[in-house]
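Protein chains in written order, with this note's numbering: chain A, 1 to 205; chain B, 1 to 287.
The set of hints was computed from the structure by calculation and includes no laboratory data. Misleading hints may appear alongside valid ones.
List of simulated lysine-lysine pairs, DSBU-like, C-alpha gap at most 30 Å [to be verified]:
{"id": "1", "chain 1": "A", "residue 1": "198", "chain 2": "A", "residue 2": "159"}
{"id": "2", "chain 1": "A", "residue 1": "159", "chain 2": "A", "residue 2": "52"}
{"id": "3", "chain 1": "B", "residue 1": "273", "chain 2": "B", "residue 2": "283"}
{"id": "4", "chain 1": "A", "residue 1": "159", "chain 2": "B", "residue 2": "81"}
{"id": "5", "chain 1": "B", "residue 1": "143", "chain 2": "B", "residue 2": "75"}
{"id": "6", "chain 1": "A", "residue 1": "52", "chain 2": "B", "residue 2": "75"}
Output of the computed footprint for chain A on chain B, the stretches with three or more beta carbons under 8 Å from beta carbons of chain A [stated by the list, open to error]:
{"id": "7", "segment": "68-78"}
{"id": "8", "segment": "101-109"}
{"id": "9", "segment": "119-132"}
{"id": "10", "segment": "188-201"}
Every residue, glycine too, gets a C-beta built ideally from N, C-alpha and C.
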Amino acid sequence: MIWIGDVLVSRGEGGVYNERMLADARVWDPYRSKLAALYHVGKGVELEPSLKVLYLGAANGTTVSHVADYVEVVYAVEFAPRPMQDLIEVARRRRNVIPIMADATCPETYRPVVEYVDILYQDVAQPDQAAIAVRNSVFLRGGGYLILMLKTRSVDVRKDPTAVFDETLAALENAGFSVLESVWLAPYHQDHAAIVCKKPEIRGE
Amino acid sequence: MQSYWFGDFTDGRCQPFTGDRGALVSRILSLSTRTDISAIPDWQTAVSCGFCHDRAEYLALLQDACIAAAERSVKEQYSGKDAELLQMVRTLDEIDTVINLLSERATDWYMVRHPAFSRKYRRIPAHTLIRTMQEKSRGALGKVAGEIAQLAETRTALAKEVSARANGVMPNTSALIGGLVAARLMAHAGGLQPLSRLPASAIQVLGARTALFAHIRTRTPSPKHGIIFQHRRVHNAPRGIRGRVARVLSGKLAIAARLDHFRGAADPEFLAKAQEHIDAAGKGGEA
C-alpha cells in the first residue's frame, strides 16, 4: 500500500468523487471507505498490480476506483440501478473496472463473465453476509483472500453487534476459511467490522 | 456443451462467438439466466478458442461488453412506467415537508415583527397568512413568503400530474383509492412490482412503520391503517369500523396491484365488485 506520511493514497486518474489529491496521488479517506479504514486500523491484504478482485456491493464505485488503482482488474458487482449509473462512469474512465449489474446473492448470474480471482471483497447490506461470501467463494482461487466488511446492523438490528460478529466468524470457519484478521472499524465506521480470511489451497492445483 | 461468454465448447472443440457488440451483450445477459453453467471462464481458454489474442484484448472486450450490458440493464430497470411516478411522488412529499418547515419559520419571524399578532382564535388559513406576509413584509421575509406561495402552486400542479399518471400506470388501484394515494402506496413499497408482491396485511399498514414496530416491540395496539387512511372511505368511517374498512380495502388493493402489475389494464368487473364489498364494510354490513 502507498502511504504518504500517515495518509493512505492510490495512484490513478483523480476527480472521481472530488477526492483530495496529495502529491499527484489520490487520498483514500478511511471515513468514506471501509477498506481504507481497514488499512488504518489493521493489516488487511496488500494490493498488488498482478491481482484480480471480485468486488461485491460496488455502489458508486468510490472504493472500487481506489482498488482499481492498485490491482490488475476489478469485477464490480452492484444490484441497484442508481449507483450503477455512477459505477459505469467510473468503468468508462478506468480500463480495469468491469461493471456487472447483478445480485450478489445469486453468483450464478455472473458466473459466465467472472474469472478466478485472488481477492473476494464484500461490502453488502444484507442479513446473510457470511452465506453470500461462502457462495461467492467459488470464484476465489485456492489460497485467495476474502475481505468481508460486516455490517452488523444489516444482519439484525436487535442483536448485539459483537454477537453478530462472533456468529459470522464461526460461519466462515465452518465453511473452511481460516480467519487471519478480524477488527472493528471504529472510530471510522460504527458497528462495522472487517474480517480477512484465507481460502485453503486446493490440492492438485 | 459448455458455454462461456466468448464461445461454446462442444466435444472439446471451441466455437468462438463472432457476432457484433449488441449480440455479445444479449448473449451475456441471456447466459446470466442459465443455471447449467458450471465452468468459470479464463483468458487462456478464450485465446485458444480463437476469440482474442492476449489477456489485454480479453479484458478490453469483456469490459466493453459488460459496460454495455450494465447500461442495458439500467435502462430496463427504468423503463417501467412506475419509475418516474415514484420520483414524482417522493418529490411531492418532499415539497410538502419544505412548505411546512418554511411556513412555520416564516410565521415565527412574522410574529417577532408584529408583536400584537397571534393566530389563536382567528382561524386564518395558512395560504391567507402567507399572502398577508408576502404583502405586508418588506425585504427577505416577503420574498420567503413569496417562495412558499410559489412552491404551493408547484405542489398543486405536481399533485395533479401524479394523480393523472397513476391513473394510467395503476388503473385498478387508482380506481379504488384515488391516484394520489395509489401512487403513495407504490412509492412506499418501492415500485409497482414490489407492491404487487405485498400481502394485503402489509398494504394495510404501509406507512405506519413507527406504530407497527412499537406494536411488535412492546404491547401497544397494532396500527389499523397506514397510508390508506388518507382515503376518504377510511378516514370518514366511524372509529369503530375504521379497522374493518381498512382491512377490506387493503385486501382489494392487493388484488388490484397485482392486476395493475401483471395485466396493466382496468378490470371493470373486479372494480365493481370490490367497490361494493368495500362500501358494504363501511355500512356495517358483513365484510
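What hint numbers does the structure not satisfy? Hints 2, 4, 5, 8, 9 and 10 not satisfied by this model.
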